[in-house]
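**Q** Spelled out from the first residue to the last, the chains are:
2 protein chains.
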Amino acid sequence: MHRHRSTLGTLLHHVHVSGPLSRAALAERMGVNRSTILALTAELAAAGLVREEHPEGTTGAGRPSLVVRPESGRFHVLAFDVAVDRLVAARVGIGGVILDRRETARPRAGVDLETVVAKLAALGRSLADATSICVGIGASYCGMIRPGDGMVRYGPQMGWVDQAFGAELSRALGLGLPVAVGNEAHLGAVAEFQRGAGVGSPDLIYLHGDVGVGGGILVNGKLLGGEGGYGCEVGHMLVNPVNGRPCLCGSRGCLEAETGEYALLAAAGRADDGMIGREAVRAVVRDAAAGDPRARAAVAAIGDWLGIGVANLINLFNPGVVIFGGMLRDVYAAAAPQVAERIAQHAMPVSRERAKLRLSGLADDATLLGAADLGFAPLLADPLLAAAS
Amino acid sequence: MHRHRSTLGTLLHHVHVSGPLSRAALAERMGVNRSTILALTAELAAAGLVREEHPEGTTGAGRPSLVVRPESGRFHVLAFDVAVDRLVAARVGIGGVILDRRETARPRAGVDLETVVAKLAALGRSLADATSICVGIGASYCGMIRPGDGMVRYGPQMGWVDQAFGAELSRALGLGLPVAVGNEAHLGAVAEFQRGAGVGSPDLIYLHGDVGVGGGILVNGKLLGGEGGYGCEVGHMLVNPVNGRPCLCGSRGCLEAETGEYALLAAAGRADDGMIGREAVRAVVRDAAAGDPRARAAVAAIGDWLGIGVANLINLFNPGVVIFGGMLRDVYAAAAPQVAERIAQHAMPVSRERAKLRLSGLADDATLLGAADLGFAPLLADPLLAAAS
Numbered sequence: 001m002h003r004h005r006s007t008l009g010t011l012l013h014h015v016h017v018s019g020p021l022s023r024a025a026l027a028e029r030m031g032v033n034r035s036t037i038l039a040l041t042a043e044l045a046a047a048g049l050v051r052e053e054h055p056e057g058t059t060g061a062g063r064p065s066l067v068v069r070p071e072s073g074r075f076h077v078l079a080f081d082v083a084v085d086r087l088v089a090a091r092v093g094i095g096g097v098i099l100d101r102r103e104t105a106r107p108r109a110g111v112d113l114e115t116v117v118a119k120l121a122a123l124g125r126s127l128a129d130a131t132s133i134c135v136g137i138g139a140s141y142c143g144m145i146r147p148g149d150g151m152v153r154y155g156p157q158m159g160w161v162d163q164a165f166g167a168e169l170s171r172a173l174g175l176g177l178p179v180a181v182g183n184e185a186h187l188g189a190v191a192e193f194q195r196g197a198g199v200g201s202p203d204l205i206y207l208h209g210d211v212g213v214g215g216g217i218l219v220n221g222k223l224l225g226g227e228g229g230y231g232c233e234v235g236h237m238l239v240n241p242v243n244g245r246p247c248l249c250g251s252r253g254c255l256e257a258e259t260g261e262y263a264l265l266a267a268a269g270r271a272d273d274g275m276i277g278r279e280a281v282r283a284v285v286r287d288a289a290a291g292d293p294r295a296r297a298a299v300a301a302i303g304d305w306l307g308i309g310v311a312n313l314i315n316l317f318n319p320g321v322v323i324f325g326g327m328l329r330d331v332y333a334a335a336a337p338q339v340a341e342r343i344a345q346h347a348m349p350v351s352r353e354r355a356k357l358r359l360s361g362l363a364d365d366a367t368l369l370g371a372a373d374l375g376f377a378p379l380l381a382d383p384l385l386a387a388a389s
Numbered sequence: 001m002h003r004h005r006s007t008l009g010t011l012l013h014h015v016h017v018s019g020p021l022s023r024a025a026l027a028e029r030m031g032v033n034r035s036t037i038l039a040l041t042a043e044l045a046a047a048g049l050v051r052e053e054h055p056e057g058t059t060g061a062g063r064p065s066l067v068v069r070p071e072s073g074r075f076h077v078l079a080f081d082v083a084v085d086r087l088v089a090a091r092v093g094i095g096g097v098i099l100d101r102r103e104t105a106r107p108r109a110g111v112d113l114e115t116v117v118a119k120l121a122a123l124g125r126s127l128a129d130a131t132s133i134c135v136g137i138g139a140s141y142c143g144m145i146r147p148g149d150g151m152v153r154y155g156p157q158m159g160w161v162d163q164a165f166g167a168e169l170s171r172a173l174g175l176g177l178p179v180a181v182g183n184e185a186h187l188g189a190v191a192e193f194q195r196g197a198g199v200g201s202p203d204l205i206y207l208h209g210d211v212g213v214g215g216g217i218l219v220n221g222k223l224l225g226g227e228g229g230y231g232c233e234v235g236h237m238l239v240n241p242v243n244g245r246p247c248l249c250g251s252r253g254c255l256e257a258e259t260g261e262y263a264l265l266a267a268a269g270r271a272d273d274g275m276i277g278r279e280a281v282r283a284v285v286r287d288a289a290a291g292d293p294r295a296r297a298a299v300a301a302i303g304d305w306l307g308i309g310v311a312n313l314i315n316l317f318n319p320g321v322v323i324f325g326g327m328l329r330d331v332y333a334a335a336a337p338q339v340a341e342r343i344a345q346h347a348m349p350v351s352r353e354r355a356k357l358r359l360s361g362l363a364d365d366a367t368l369l370g371a372a373d374l375g376f377a378p379l380l381a382d383p384l385l386a387a388a389s
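Protein sequences, first through last, are from chains A and B.
Per this note's numbering, the first sequence starts with residue 1, numbered consecutively.
Per this note's numbering, the second sequence starts with residue 1, numbered consecutively.
Fair warning: there could be bad hints in the mix.
To be verified - These stretches of chain B come out as covered by chain A in the derived footprint (C-beta under 8 angstroms, 3 or more residues): (1) 112-119; (2) 236-245.
Unchecked claim - Heads up, simulated DSSO-like pairs for lysine-lysine below, C-alpha to C-alpha not over 30 angstroms straight-line: (3) B:222 with A:222; (4) A:356 with A:222; (5) B:356 with A:356; (6) B:222 with B:356; (7) A:222 with B:356.
Since the hints were made in silico from the structure, they are not lab data.
Every residue gets a Cβ at the ideal spot worked out from N, C-alpha and C, and that includes glycine.
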């Protein structure tokens with residue numbers, strides 16, 4: 001029984017990640033015959049988790065090959081994203097479909113656990129839908145998370161140390177479900193590998209920029225955890241040991257101190273302009289493209305440090321792809337020449353020969369979809385149990 | 001049959017790595033009952049691969065518990081180590097016992113593939129032993145190695161690019177066996193994890209110093225390969241982007257340029273003294289300990305850069321242990337305060353809280369024993385086939 005349920009979960013996982021698939025494609029991926037797929041699909045369809053239909057563009061004449069597609073209307077997860085500049089909540093259906101979302105700006109400082117949890121819970125409740133059942137909850141957080149219990153060990157942007165975020169959010173939501181929490185860049189990396197710019201590249205580096213710079217690194221398809229689950233702290237790689245800018249972590253010259261939002265705004269002479277966040281970053285990038293010399297120099301300087309960081313990562317990880325997400329999408333798009341130059345200077349030719357550089361394929365939804373997949377994990381492990389609950 | 005042989009290989013692997021083990025310990029490790037261990041052991045003993053004996057210190061009275069120990073006299077591998085300053089060949093028995101070894105100094109430059117292979121083959125032939133059968137050959141090389149065929153993609157110390165080292169050494173030895181080649185620091189990392197300072201720490205970083213600095217990184221017990229098998233290039237992490245020393249790779253300010261032998265000798269004002277290699281490094285460290293101010297300053301400066309590199313690795317990998325091998329044993333032993341200070345400054349507290357720093361447990365044999373284990377791989381995969389050949 002248990003084995004059968006995990007096989008059901010495997011089929012559901014394939015359509016959840018890849019979208020509609022023919023029975024033949026599923027049979028090949030799972031290494032079973034088509035009649036097994038038929039039986040599994042019937043069971044999942046009866047539970048309301050998938051449906052079979054004619055592929056788009058076919059007329060239905062003759063004997064059309066049916067495709068199995070995720071059913072996104074009956075069950076959902078709640079996904080939360082605690083980013084530096086915003087709080088997001090979404091109802092996400094099987095297949096990674098964002099069914100509904102709410103978003104609110106987040107003040108930059110003085111935000112305690114209780115306030116953040118209350119705001120998130122209110123956003124979550126506003127998403128309630130009588131026709132669909134919540135089967136899991138996931139949250140993305142901009143800090144270091146203890147595996148297993150959603151404890152925020154260190155969240156410099158919000159001044160959090162050892163805050164029981166997952167447990168408190170679960171309690172505030174009152175749905176009787178735990179909240180699985182992950183670091184935003186870790187979740188972004190997994191999401192890009194599953195359905196974004198990193199599909200097919202199990203050795204993947206995802207860099208997520210906002211005020212800070214986070215990293216999610218997959219080694220042979222698995223998130224690099226390390227001894228305690230706190231690996232991938234790319235943002236605190238020391239790149240400028242001589243004249244480094246101060247970093248929120250207490251050190252100086254960290255990659256995030258040299259390439260984050262504050263560094264860009266300072267380099268552009270706009271640190272005190274009052275405009276912050278993504279809009280401020282985009283304004284610098286836009287002005288640089290329009291020829292503003294100071295904005296151009298700022299983008300080039302930030303790109304230079306970013307390139308050093310990426311070159312180091314290429315030497316260490318020999319990745320198939322490096323993906324730029326969050327604010328770093330805008331920065332990389334503008335500073336690609338500086339990044340390429342640093343890679344050419346500092347990354348070993350053998351290490352860089354297969355490394356592609358790409359913009360995030362999931363854009364602003366990368367971390368949110370990663371959080372949703374944390375919420376879907378119990379359903380994918382045992383579809384019938386979760387669907388029956 | 002195949003499954004049975006791989007179970008035999010598993011038992012042999014346990015005693016090869018851990019040394020003598022009781023049947024009870026083997027049964028527990030392998031999750032089988034003692035009568036199965038009895039039967040497997042009998043088969044391996046009949047093939048000359050293990051023997052059973054009374055543990056040391058027992059008298060044999062009563063019903064003593066026998067231990068299974070590796071039989072190192074009947075079969076061996078040839079292990080080679082191509083280091084910057086020496087060529088080593090050894091005959092290594094099951095259990096990782098170095099039965100015999102030959103070593104020769106290697107000139108620092110102008111050494112082509114043919115010459116190196118001829119010298120290694122001569123060393124290897126001098127180790128021939130009529131009473132023991134060679135079941136595999138492994139080699140450690142100070143450069144980037146293509147997985148699968150032992151091609152040296154890049155060996156800066158010897159000026160090698162795309163040299164078919166493994167194939168040529170196999171041909172020169174004429175034993176009808178392939179030569180499995182690995183990067184020296186990769187092999188050192190695996191060897192330290194198996195039987196050195198990293199036992200029990202699956203998230204492990206091994207740093208190997210000679211003229212260059214190499215790295216071997218285990219993530220959850222597996223060597224970090226990356227897309228093409230060229231990960232772990234720790235030595236070319238850029239740590240000094242402002243006034244970096246030139247590196248053999250063509251860049252400047254790489255970790256190996258700032259912490260390798262030449263950096264230390266230059267900082268100590270001894271670049272042109274004529275003494276090079278391990279002895280020159282040890283002389284600086286010795287003089288620093290004796291109070292020579294310039295030697296002390298040199299050790300401190302190198303330790304400072306080494307500490308930056310280690311702090312970055314701790315942030316990225318959240319390792320359980322960082323191990324210093326090769327020449328870095330001497331440097332780290334002398335510069336531990338500088339390394340500790342940089343870690344305290346630049347590594348995140350959560351990332352460093354479980355990271356231990358240790359000297360290599362296998363000392364000068366780490367890379368050689370790693371090479372031997374490459375040679376043992378076929379025997380451990382199928383003990384009876386290899387033993388019968």
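**Q** Compare the structure with the hints numbered earlier in the document and write down the numbers of the violated ones, lowest to highest.
**A** The structure breaks hints 1 and 5; every other hint is satisfied.
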